[in-house]
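*Asks:* Given next are the chains, with one letter for each unit.
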Amino acid sequence: MSLSKKSTVIVENLRKKQMRESISAGKRLDGRSLDEIRPIEIELDVIKKANGSAWVKLGNTEVVAGVKVETGEPFEGLENSGAMIITAEVLPIASPHVEPGPPDEETIELARVVDRGVRESEMLDLSKLVLVPGKIVYTIFVDCSVINVDGNLLDATSYAVVSALASCKMPVFEIKDDKVIETGKTQEPPITTLPISVTTVRIGDYLISDPTTEEEACMDARLTITTNSKGSIVAMQKGLKGYFSIEDVKSIADKALIKGEEIRGKIKGLINIG
Amino acid sequence: MVQSRSLIDESGKRTDGRVIDELREVKIKVGIVKNADGSALIEFGKNKIIAAVYGPREVHPKHMALSDRCVVRCRYHMSPFSTDTRKSPAPSRRETEISKVIRESLEPALILEDYPRAAIDVFIEVLQADGGSRCAGISAASVALADAGINMRDMVSACAAGKVDDRIVIDINDTEDKEGGADMPVAYMPNLKKITLLQLDGELNPNEFNTSLDEAVRGCLKVYEIQRSSLMEKYFGDEKEMKE
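The listed protein sequences derive, respectively, from chains A and B.
Heads up: the first sequence begins at 1 in our numbering, then just goes up one per residue.
Heads up: the second sequence begins at 1 in our numbering, then just goes up one per residue.
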């Protein structure tokens with residue numbers, strides 16, 4: 001059952017006041033402008049045992065994503081496409097407020113929103129990942145571990161998944177005598193687009209992008225918008241018990257398209273793909 | 001996401017005979033769960049959903065209580081017989097996420113500061129699902145909260161818009177959800193003019209997005225009228241007699 005809970009991160013009233021004043025003057029406590037994204041660092045192939053991996057730093061938020069490619073049965077109703085499963089876990093090492101155990105609703109939402117962006121953008125052409133139609137398909141697991149929490153896990157995790165998938169080398173499987181064999185060769189994944197999510201939050205009357213943990217503790221509502229390379233919106237998720245006006249939503253969408261394109265260019269440069 | 005057949009015919013009619021900006025038939029009956037403090041049954045097309053509200057009441061376990069406001073707990077659940085293939089009764093990840101977004105869509109409308117240390121429980125049971133069950137569930141829950149006499153700033157009305165055969169339509173049904181292009185559920189507070197739930201699955205270009213958002217809000221306003229008259233009917237009898 002979903003319940004409203006007290007925030008585990010406490011920001012002192014004085015600090016909150018300072019943050020609001022600073023934001024109303026157009027500058028955030030860490031010196032960024034309201035719509036500025038923290039520096040993004042991406043290190044690829046950090047996990048040699050995975051078929052693709054990425055360690056992404058978005059400011060102090062750090063996420064490792066690993067891709068494992070196997071074969072298996074297709075999902076029910078999707079007999080002629082490969083299967084893709086995206087999971088996320090916030091590790092107990094990531095912050096003093098995380099406890100080990102089954103994923104809570106925020107972590108489930110995190111994995112599902114990241115999955116939604118990748119799936120709905122059709123980043124991977126899953127129809128090219130079928131070995132025996134209706135029986136055996138490629139199964140692609142993208143598992144994410146959050147290593148350090150400093151806000152905006154949604155975008156950091158999304159960038160890690162996109163980078164790991166786009167740079168992965170998929171093993172080539174073949175069918176011989178009704179059996180799946182691994183040929184030892186690798187192939188490029190069938191990438192069609194790079195979905196980029198941009199999260200904007202409302203604090204009072206101001207909209208800010210890419211919030212830190214401290215800013216998240218003060219935010220009223222959150223909106224994540226994922227865009228594709230064509231400049232279309234492919235997925236959205238509003239979060240938290242606040243609201244947005246229609247104008248807010250439209251301006252956030254406009255900004256997500258512009259910022260998304262910037263970040264897409266940056267990620268393309270970092271992972272060296274056209 | 002494969003468009004196997006045309007979902008809108010030449011005359012602009014959809015698979016269930018509606019035009020693009022037409023809602024399915026919506027019926028709301030208030031107060032159908034006797035034991036609950038507030039309840040509503042919504043029939044939204046083939047969706048059949050009961051929302052029941054208990055509270056404000058004591059919080060158990062007590063450490064979950066908040067000293068300055070009320071805790072809202074929300075459970076969205078689908079009955080095993082509600083779908084084409086049986087759904088396991090155990091809560092799925094999808095239901096966990098939907099419970100969360102529904103709670104977050106209702107909370108802005110509730111004056112939670114009026115009930116410190118208490119809890120309001122919102123149960124949404126989908127007896128029959130037909131696409132758009134989260135929107136129908138929100139609309140029913142909002143009516144049930146009002147029926148329970150909870151202090152509210154506004155009603156919450158919900159309706160989806162989306163893209164079917166490259167056209168923007170409102171209130172996506174099951175077939176359109178599975179075969180169509182995009183689905184965007186929206187919950188809206190009609191008097192305060194604020195959006196409290198917004199999700200999107202599928203591709204919309206910026207123009208399509210703006211149109212969808214406006215259309216979804218228009219759909220929410222239609223749902224609001226039905227919510228309003230359902231409450232009027234329970235508390236004041238026939239609404240028409242009330243108007244001077």
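Don't take every hint at face value.
What the hints assert, rightly or not - Below, in silico cross-link-like pairs of lysine-lysine (DSS-like), each with a Cα-Cα straight-line distance of 30 angstroms or less: (1) B/K62 - A/K16; (2) A/K128 - B/K178; (3) B/K13 - A/K241; (4) B/K222 - A/K49; (5) A/K250 - B/K87; (6) B/K87 - A/K135; (7) B/K62 - A/K241; (8) B/K62 - A/K5; (9) B/K222 - A/K241; (10) A/K68 - B/K178; (11) A/K27 - B/K193; (12) A/K135 - B/K178; (13) B/K178 - A/K241; (14) A/K16 - B/K27; (15) B/K234 - B/K13.
Stated by the list, open to error - Stretches of chain B that chain A covers, calculated by requiring three or more beta carbons in the stretch to come under 8 angstroms of a beta carbon on chain A: (16) 97-103; (17) 164-177; (18) 200-206.
As the list claims (entries may be wrong) - Partial pick of chain B residues on the chain A-facing surface, computed with a CB cut under 8 angstroms: (19) E58; (20) K62; (21) M64; (22) V71; (23) V72; (24) R73; (25) C74; (26) R75; (27) P89.
For the record, the hints were derived by calculation from the structure and aren't laboratory data.
No residue lacks a Cβ here, since even glycine has one placed at the ideal position from N, Cα and C.
*Asks:* Quick check: which numbered hints come out false for this structure?
*Replies:* 3, 4, 5, 14, 15, 17, 19, 20, 27
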